[in-house]
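There are 2 protein chains.
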Amino acid sequence: MDNRAKFSENLSNLTYGFVGLGLMGGSMAKAIRKFILCDRKNVASHNAEGKIFACTRKESALQDAKSQGIIDDYCVLNSDNEESIKKMLGECDMVFICLPPKNTIEFLLKNQANFKPGSIVTEIAGVKTGIFKAFPNGIDGINFIPGHPMAGNEREGFAYSDENIFQNRNYIFLPYENTDKEALESFKEAMKLIGFTNLIVTDWKTHDHKIAFTSQLCHVIASALVDCAEDTQVTQFGGGSFEDLTRIALINAPLWTELFCSNKAELIAHIENFEKSLDKLKNQIKTENKEELCATLSEVRERRAIMAQYMKKR
Amino acid sequence: MDNRAKFSENLSNLTYGFVGLGLMGGSMAKAIRKFILCDRKNVASHNAEGKIFACTRKESALQDAKSQGIIDDYCVLNSDNEESIKKMLGECDMVFICLPPKNTIEFLLKNQANFKPGSIVTEIAGVKTGIFKAFPNGIDGINFIPGHPMAGNEREGFAYSDENIFQNRNYIFLPYENTDKEALESFKEAMKLIGFTNLIVTDWKTHDHKIAFTSQLCHVIASALVDCAEDTQVTQFGGGSFEDLTRIALINAPLWTELFCSNKAELIAHIENFEKSLDKLKNQIKTENKEELCATLSEVRERRAIMAQYMKKR
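Sequences listed follow chains A and B, in order.
So for the first sequence, the working numbering puts the first residue at -4; every next one is plus one.
So for the second sequence, the working numbering puts the first residue at -4; every next one is plus one.
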């Protein structure tokens, strides 16, 4: 029997692997169970051969996922279980590494020889510089395709995972030059099936530059806005604006510390551009230059309306 | 017959007046029709004596409001109709002036003697300095109670008005020292009936200081963020954060130019506080001071979680 992963087969017959089963890993596993494999609750219609295996640090998350019919088998992610993890990786056709960025690189360096030949292996780190510095030419023998699902929420852990958070969202794929086209197409097809509608293929430098703006800069601004509030009851005077601007300030501090610092150069440049725009508006207000201020705001409205065309409806 | 407005009566028997029937005036008129007066569509249950009169510049809005059963009678707001407007104001127990701030003051100065004796008259300007400078002691013979419904959306005009935008929102009341308690209670009761759940009584200086933070600063930040974007297609790389932070950048430029400039001192002070917090975060990132950065973000998360307790669920 040929042990190489085959993507010409139906996606519902593949074996999926998750390393990390928190909010993102959990949500993706649930979505694959629901939208690609059949739902175990509906036994009558269950004829797909596909499976989901998972490993993560927290055994309780794995137990919950198993009892909910999301995963078929698991092992706890720790140094005692290296052999079980190796065995699990060797059986998976498509592996999602959903760990914090540094742990992702460590895991990949340690396990790069343990994946099933020809399998698709992806990771979801929010900054790609470190990944591409560690693996400038991919990983031998497999289809290593870094990616970035542009979804999530301010919660943490498998308990909050939700199979529906990917609907109408953007997925960014970062294949290598020599990435197998068929493997990339299968990966994209799977991500479409779980809800992503806007699939973008780009390189890591573009990714880190754009993401520093749409994601990291926004998190810095939201955090600064909460930080500068005089008191924590000011929201009694709120009408929704402050709430919207600071939702993402319910931030996972260690994760975002790592993301901000690992994309420092891009992020600082965006912060400084933002400061220039803020300064322009501040001076127009300070000098009561109503004509220029109104022109700036009109242009802002127009730009935001154009941008809305590139946002998916949710 | 005593012609003075009486608030001991049921709110469903009062005559309501609207000056300005755009997004806010229209939404409030619709909400009063639905939640205080009975719905005209349901003729069988229509036994309240209450009425709604309106004047606004756009005749089409008035015609639409009348044909939809929202208002009972109207006149167009222009200089040819001064006598009709005077007659209308003389019949209303509770008048909502829903014009831009400057027009509000002009209208009040011109019509202050035309209101029904003892009636409640309110306005909804986003900055109160100008109102309280023009009327430092209120308006003789009536209960003039400035207010601020903390609701709305980025759209404009009666066509987009919606009776449900006030559910669970904050309403700020700015009575004068000598405001009649019974009149204030009736006004609050009416606002509760149309959906507001958090009713705050404060003075205009506190209002302008807090609103400069929760509303105006947020609009400046959202506008600066759109202004500094390199291109209008960057949102293809978005995951929701940029969208959330810039929804309010679909800004009504002339209105916000006026609001920003009329609350300049408070707003500039808040912008500068925000810049300090942003600078602190920028330097922690620049120097990769991970310990301090993580501590700042942890504190931000904690503060935002406390703030959430003072936000109403929507």
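Certain hints may be false.
It does not matter which identical chain is meant; a pair holds if it fits inside one copy or across any two.
[To be verified] Below, in silico cross-link-like pairs of lysine-lysine (DSS-like), each with a Cα-Cα straight-line distance of 27 Å or less:
id, residue 1, residue 2
1, K81, K53
2, K82, K275
3, K61, K81
4, K259, K82
5, K29, K271
6, K281, K46
7, K128, K281
8, K285, K176
9, K81, K200
Just so you know, the hints here were simulated from the structure itself, not pulled from any lab data.
For each hint, the structure was consulted:
no.: 1; hint: K81 x K53; verdict: within (18 Å within a copy, 72 Å between copies)
no.: 2; hint: K82 x K275; verdict: neither (59 Å within a copy, 47 Å between copies)
no.: 3; hint: K61 x K81; verdict: within (20 Å within a copy, 73 Å between copies)
no.: 4; hint: K259 x K82; verdict: neither (38 Å within a copy, 66 Å between copies)
no.: 5; hint: K29 x K271; verdict: neither (47 Å within a copy, 47 Å between copies)
no.: 6; hint: K281 x K46; verdict: neither (62 Å within a copy, 45 Å between copies)
no.: 7; hint: K128 x K281; verdict: between (46 Å within a copy, 21 Å between copies)
no.: 8; hint: K285 x K176; verdict: neither (55 Å within a copy, 40 Å between copies)
no.: 9; hint: K81 x K200; verdict: neither (32 Å within a copy, 66 Å between copies)
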